[in-house]
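Protein chains: 2
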Amino acid sequence: MTPGRFRLLATSGGARRATLELAHGSVETPAFMPVGTSATVKALTPRDLRETGTQIVLSNTYHLWLRPGRETLLAAGGLHRFMAWDRPILTDSGGFQIFSLESRRTLDDDGVTFRSHLDGSLHRFTPENVLGFQEALGVDIAMVLDECIKLPATPAAVGDSVRRTTVWARRAAQTWRRGPTALFAIVQGGLDEGARARSAAELVALDTTGYAIGGLSVGETRAEMAHVARFTAAQLPPDKPRYLMGVGTVRDLIAGIDCGIDMFDCVYPTRSGRHGRALTRSGELNLYNAGFTRDFGPLDPTCSCEVCATYSRAYLAHLFRAQELLGMRLLSYHNVCVLEALMRDARAAIDADAWAAFRAANDAGT
Amino acid sequence: MTPGRFRLLATSGGARRATLELAHGSVETPAFMPVGTSATVKALTPRDLRETGTQIVLSNTYHLWLRPGRETLLAAGGLHRFMAWDRPILTDSGGFQIFSLESRRTLDDDGVTFRSHLDGSLHRFTPENVLGFQEALGVDIAMVLDECIKLPATPAAVGDSVRRTTVWARRAAQTWRRGPTALFAIVQGGLDEGARARSAAELVALDTTGYAIGGLSVGETRAEMAHVARFTAAQLPPDKPRYLMGVGTVRDLIAGIDCGIDMFDCVYPTRSGRHGRALTRSGELNLYNAGFTRDFGPLDPTCSCEVCATYSRAYLAHLFRAQELLGMRLLSYHNVCVLEALMRDARAAIDADAWAAFRAANDAGT
Numbered sequence: 001m002t003p004g005r006f007r008l009l010a011t012s013g014g015a016r017r018a019t020l021e022l023a024h025g026s027v028e029t030p031a032f033m034p035v036g037t038s039a040t041v042k043a044l045t046p047r048d049l050r051e052t053g054t055q056i057v058l059s060n061t062y063h064l065w066l067r068p069g070r071e072t073l074l075a076a077g078g079l080h081r082f083m084a085w086d087r088p089i090l091t092d093s094g095g096f097q098i099f100s101l102e103s104r105r106t107l108d109d110d111g112v113t114f115r116s117h118l119d120g121s122l123h124r125f126t127p128e129n130v131l132g133f134q135e136a137l138g139v140d141i142a143m144v145l146d147e148c149i150k151l152p153a154t155p156a157a158v159g160d161s162v163r164r165t166t167v168w169a170r171r172a173a174q175t176w177r178r179g180p181t182a183l184f185a186i187v188q189g190g191l192d193e194g195a196r197a198r199s200a201a202e203l204v205a206l207d208t209t210g211y212a213i214g215g216l217s218v219g220e221t222r223a224e225m226a227h228v229a230r231f232t233a234a235q236l237p238p239d240k241p242r243y244l245m246g247v248g249t250v251r252d253l254i255a256g257i258d259c260g261i262d263m264f265d266c267v268y269p270t271r272s273g274r275h276g277r278a279l280t281r282s283g284e285l286n287l288y289n290a291g292f293t294r295d296f297g298p299l300d301p302t303c304s305c306e307v308c309a310t311y312s313r314a315y316l317a318h319l320f321r322a323q324e325l326l327g328m329r330l331l332s333y334h335n336v337c338v339l340e341a342l343m344r345d346a347r348a349a350i351d352a353d354a355w356a357a358f359r360a361a362n363d364a365g366t
Numbered sequence: 367m368t369p370g371r372f373r374l375l376a377t378s379g380g381a382r383r384a385t386l387e388l389a390h391g392s393v394e395t396p397a398f399m400p401v402g403t404s405a406t407v408k409a410l411t412p413r414d415l416r417e418t419g420t421q422i423v424l425s426n427t428y429h430l431w432l433r434p435g436r437e438t439l440l441a442a443g444g445l446h447r448f449m450a451w452d453r454p455i456l457t458d459s460g461g462f463q464i465f466s467l468e469s470r471r472t473l474d475d476d477g478v479t480f481r482s483h484l485d486g487s488l489h490r491f492t493p494e495n496v497l498g499f500q501e502a503l504g505v506d507i508a509m510v511l512d513e514c515i516k517l518p519a520t521p522a523a524v525g526d527s528v529r530r531t532t533v534w535a536r537r538a539a540q541t542w543r544r545g546p547t548a549l550f551a552i553v554q555g556g557l558d559e560g561a562r563a564r565s566a567a568e569l570v571a572l573d574t575t576g577y578a579i580g581g582l583s584v585g586e587t588r589a590e591m592a593h594v595a596r597f598t599a600a601q602l603p604p605d606k607p608r609y610l611m612g613v614g615t616v617r618d619l620i621a622g623i624d625c626g627i628d629m630f631d632c633v634y635p636t637r638s639g640r641h642g643r644a645l646t647r648s649g650e651l652n653l654y655n656a657g658f659t660r661d662f663g664p665l666d667p668t669c670s671c672e673v674c675a676t677y678s679r680a681y682l683a684h685l686f687r688a689q690e691l692l693g694m695r696l697l698s699y700h701n702v703c704v705l706e707a708l709m710r711d712a713r714a715a716i717d718a719d720a721w722a723a724f725r726a727a728n729d730a731g732t
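One line per chain: the protein sequences are W and G, in this order.
Going by the numbering used here, the first residue of the first sequence is number 1, and it counts up by one from there.
Going by the numbering used here, the first residue of the second sequence is number 367, and it counts up by one from there.
Just to be clear, a hint being listed does not mean it is correct.
[Unchecked claim] Pair ranges (Cβ atoms, derived):
1) G:Q689 x W:L74: 46 to 54 Å
2) W:S116 x G:P546: 38 to 46 Å
3) G:A675 x W:H123: 52 to 60 Å
4) G:R447 x W:H123: 30 to 38 Å
5) G:Y654 x W:A234: 47 to 55 Å
6) G:A720 x W:S116: 20 to 28 Å
7) W:A309 x G:A675: 23 to 31 Å
8) G:A600 x W:D86: 52 to 60 Å
To be clear, the hints were calculated from the coordinates, so they are not data collected in a lab.
No experiment lies behind these values; they were computed from the predicted model shown.
Glycine included, each C-beta is placed from N, C-alpha and C at the ideal position.
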């Protein structure tokens, strides 16, 4: 196992099939990463996640830094031991969270100073200390600190964000230990092709393990996202993994794979699950709909997960109406299963050079 | 399997060891029943419950009647199928809940009319329709509708409650189908020995499957509860199961078994678990205590459950501080495991005629 080694196994249309070797195991791509912001994928255990077919989870530097904090995580022996998950972990850098804080942060070229949303305490992130934190936690993939801007943005704001993201990525790459923790840089540039191309070129020169496409899934249209993702993916080296951040839904995952993206993350399956919305490949079901209260069929007849094998729609609808915790748990589990099964089937379709048919069969989903 | 057949296997001191045959399987007693008020033991799946060693769960007529309601439960094929639990279920009659409603109910000798706490709709319970509901649901043990009074109570109120409870139990016994659903009557009488003896004698004459001791664990002292439980248990036939309602804690379970009680239920393990309190045989741990944030030992070193084998106190403390659902789930699971293991060990101690030593070793718990 060589951490960061990426082996391209097959392509079919625009879709890629590969294996990414990481410190805690290999990830077969295309891969979807459930989000475990605070060292837990909400309501699910590591055993649940293994059952869903999850290969790698995402956690978040900003949240972990504030709580439980570096000292606790180091004393625990790292993030894997702390959360009892022995497969790969990617940690986002916290850039997205910090730039969402707006009035609570001050940006300079060296880094960013911010106040905790929990207790107002003052903290400072630099490209170096954010990477150092992730390496100390022993995660499989660290993300560089980036400047993520809101859309729409002025050309000047886009230009500033690209410039600062490159400078920070360069500093991160210089401090990177090139040990068990792989490093991904994050391409910014809003919806502007020139800015995206410049950002990609500058980051590719740094020779990090892989590249993420950031600053999307932040309010632009689906067509805009697909266009920018496809354009940006084409700027990235074919022999390195590509990660589209914050995606997504069944449709967006299919569109992303079609652009040659290898990795995805999103809170969507677990957040939807906590709000009574069940994912299927052909659309979302809202369990609060009156029609489900006497529907004794399985949640999703096409799904082979334990929830669909065990409970009826009527029972799940009852749990949500009664505000029972079990409903949130079961629907989160099912929703992650749906996306993991989608990725498994997508991988098989690419292996069989049948991507176009698979895409056509699945792009009507949520 | 003869539903309701009770075989006394051993005694040791005041403690009894028996097997109670029910429609969905045998229950080894002494037994603790986790509470699944609304057709779910909060945050736990049937699979979890089997792992904890749970043999039988309690659900609640009042809550099920209001939501999801009779029609849905019948259409589902009964309560077992609805909640996907294939082991025995006991349903409380709803008497306790209705008498807690106070201003929302009107009592007459024939039954009780009440308004739903959910939507204000008007409902009526009689001894007959409450039992009919439970039988239609296909539960293993139905409880008679009783009048449960608050303590302290006047002698007149205690007398009224005993009288009405007997009349209602007699009507229930007359309508009881004596099929797969066993029937337990509920001894009332507050803290008064005469009233308890009268209630027990009147109910024993009805020859129901078993007898519950109701109206305790409602605010009296621990000594009062133990005294009344012991006195009342002695009024009940030795060849039928005895159930002490609403108990409990490690200490109260030990005290109850010592009185010759066979069955118990309580929300305590799951409610405590949702509030960050972990049960152990030697006391409760509050996971919000600062001392746990860097404690990487197991939650309860004497416990062999999956939570104790997998996670540290520090991680569980983090989950509660971060208000993560997983914390409530994991602690509920552990707490039920602790009580189920306690009962397993108690049964083994009685089998070995070593009850006194077991009681002495465990009566310091929560």
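Status of each hint after checking the structure:
| no. | hint | result |
| --- | --- | --- |
| 1 | G:Q689 x W:L74: 46 to 54 Å | violated, 24 Å |
| 2 | W:S116 x G:P546: 38 to 46 Å | violated, 58 Å |
| 3 | G:A675 x W:H123: 52 to 60 Å | violated, 35 Å |
| 4 | G:R447 x W:H123: 30 to 38 Å | violated, 53 Å |
| 5 | G:Y654 x W:A234: 47 to 55 Å | holds, 52 Å |
| 6 | G:A720 x W:S116: 20 to 28 Å | violated, 55 Å |
| 7 | W:A309 x G:A675: 23 to 31 Å | holds, 26 Å |
| 8 | G:A600 x W:D86: 52 to 60 Å | holds, 55 Å |
When held up to the earlier numbered hints, the structure conflicts with 1, 2, 3, 4 and 6 and fits the remainder.
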